[in-house]
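> Counting in my numbering, the sequence shown runs from 203 upward without gaps.
In case anyone wonders, no lab produced these hints; they're calculated from the structure. These numbers were taken from a predicted model, which means no experiment stands behind them. Here a beta-carbon is modelled for each residue, glycine too, at the ideal position from N, C-alpha and C. Some hints here could point you the wrong way.
As the list claims (entries may be wrong) - The calculated SDA-like cross-link candidates involving lysine to any residue, where the alpha carbons are at most 25 Å apart (straight line), are:
#1 K381 <-> L257
#2 K381 <-> I293
#3 K381 <-> T367
#4 K381 <-> A329
#5 K381 <-> I220
#6 K381 <-> L344
#7 K381 <-> R267
#8 K381 <-> C218
#9 K381 <-> G334
#10 K381 <-> G317
#11 K381 <-> I307
#12 K381 <-> S271
#13 K381 <-> L325
What the hints assert, rightly or not - Using C-beta positions, here's what the derived DEER-type ranges look like:
#14 T367 <-> T298: 40 to 46 Å
#15 L285 <-> V248: 22 to 28 Å
#16 L341 <-> T305: 34 to 40 Å
#17 A353 <-> G306: 19 to 25 Å
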Amino acid sequence: MTWDRKRPAVAWWIGCTIAMAGEALLIFGHGLDGATGASIGGDLLVLASNVFASLGYVAGGRLEREGYSAMGTTFYGVGLYALVLWPLLFIVEPGTAPLTVPTGIWLSIAYLAVGVTIVGYVLWYWALGQGGIARIALLQFLQPVSGVILAGLLLGEEFGAIFITASGVILFGVWYALKANR
């Protein structure tokens with residue numbers, strides 16, 4: 203398998219496998235340390251969304267490298283998916299008229315659309331184009347770890363031995379894979 207016109211080294215694949223094992227421990231390790239309230243279905247949905255997002259990242263990184271601007275790629279992607287997702291809003295909440303949705307919710311959606319999605323993806327696609335897909339995409343493994351750490355700091359979430367162990371495995375796997383790409 204070639205990715206980004208280069209065949210990743212065996213050590214890269216080993217590092218990714220180690221990091222993925224840490225992710226699996228995060229997903230399937232619920233309850234082993236007494237934590238409750240998490241759903242495997244929700245975790246698998248997040249995992250599936252990351253798989254599909256990864257496909258988009260590879261496409262965006264390649265387009266950036268081929269001379270397409272990160273801004274243009276992002277606007278086309280966000281615009282097209284907004285058109286696809288807009289009708290789903292009213293399927294999920296049938297009978298809700300757009301004018302009855304409170305202004306605060308529309309402002310929150312606007313912030314997510316502009317601040318997080320557009321600015322974030324422009325920077326992400328730029329990084330993929332500059333640093334190489336195989337190297338920069340490894341940072342995705344750190345997303346669950348950083349998310350849970352932020353939840354602990356901002357929301358008072360507690361993390362147990364499973365989270366700490368899984369985080370260590372993920373960090374080691376990312377380090378190992380990054381070391382292979384030097």
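> Confirm or reject each hint.
Status of each hint after checking the structure:
1. For the hint pairing K381 with L257, the CA-to-CA distance comes to about 23 Å; that is within 25 Å, so the pair holds.
2. A hinted pair counts as satisfied when its Cα atoms are at most 25 Å apart, and K381 with I293 does not qualify at roughly 47 Å.
3. About 21 Å separates the Cα atoms of K381 and T367, which keeps this hinted pair within 25 Å; it holds.
4. For the hint pairing K381 with A329, the CA-to-CA distance comes to about 18 Å; that is within 25 Å, so the pair holds.
5. A hinted pair counts as satisfied when its Cα atoms are at most 25 Å apart, and K381 with I220 qualifies at roughly 13 Å.
6. For the proposed pair K381 and L344, the alpha carbon gap of about 16 Å is at most 25 Å, so the pair holds.
7. Straight-line distance between C-alpha atoms of K381 and R267 comes to about 23 Å, which keeps the hinted pair within the 25 Å bound.
8. Between the alpha carbons of K381 and C218 the distance comes to roughly 12 Å, so the proposed pair stays at or under 25 Å and holds.
9. Restraint check for K381 and G334: the C-alpha separation of about 14 Å stays at or below 25 Å, so the hint holds.
10. Note on K381 and G317: the hinted pairing is violated, with a Cα-Cα distance of about 32 Å set against a maximum of 25 Å.
11. Straight-line distance between C-alpha atoms of K381 and I307 comes to about 44 Å, which puts the hinted pair past the 25 Å bound.
12. For the hint pairing K381 with S271, the CA-to-CA distance comes to about 29 Å; that exceeds 25 Å, so the pair is violated.
13. Pair hint K381 plus L325 holds up; C-alpha atoms about 24 Å apart against a cutoff of 25 Å.
14. A beta carbon spacing of about 43 Å between T367 and T298 agrees with the range 40 to 46 Å that was offered as a hint.
15. Between L285 and V248, the C-beta spacing of about 24 Å keeps the proposed range 22 to 28 Å intact.
16. Range check, L341 to T305: about 35 Å between beta-carbon atoms, so the 34 to 40 Å window is met.
17. Checked against the given bound of 19 to 25 Å, the beta carbons of A353 and G306, roughly 22 Å apart, stay inside it.
Against the hints set out earlier in the document, violations occur for numbers 2, 10, 11, 12.
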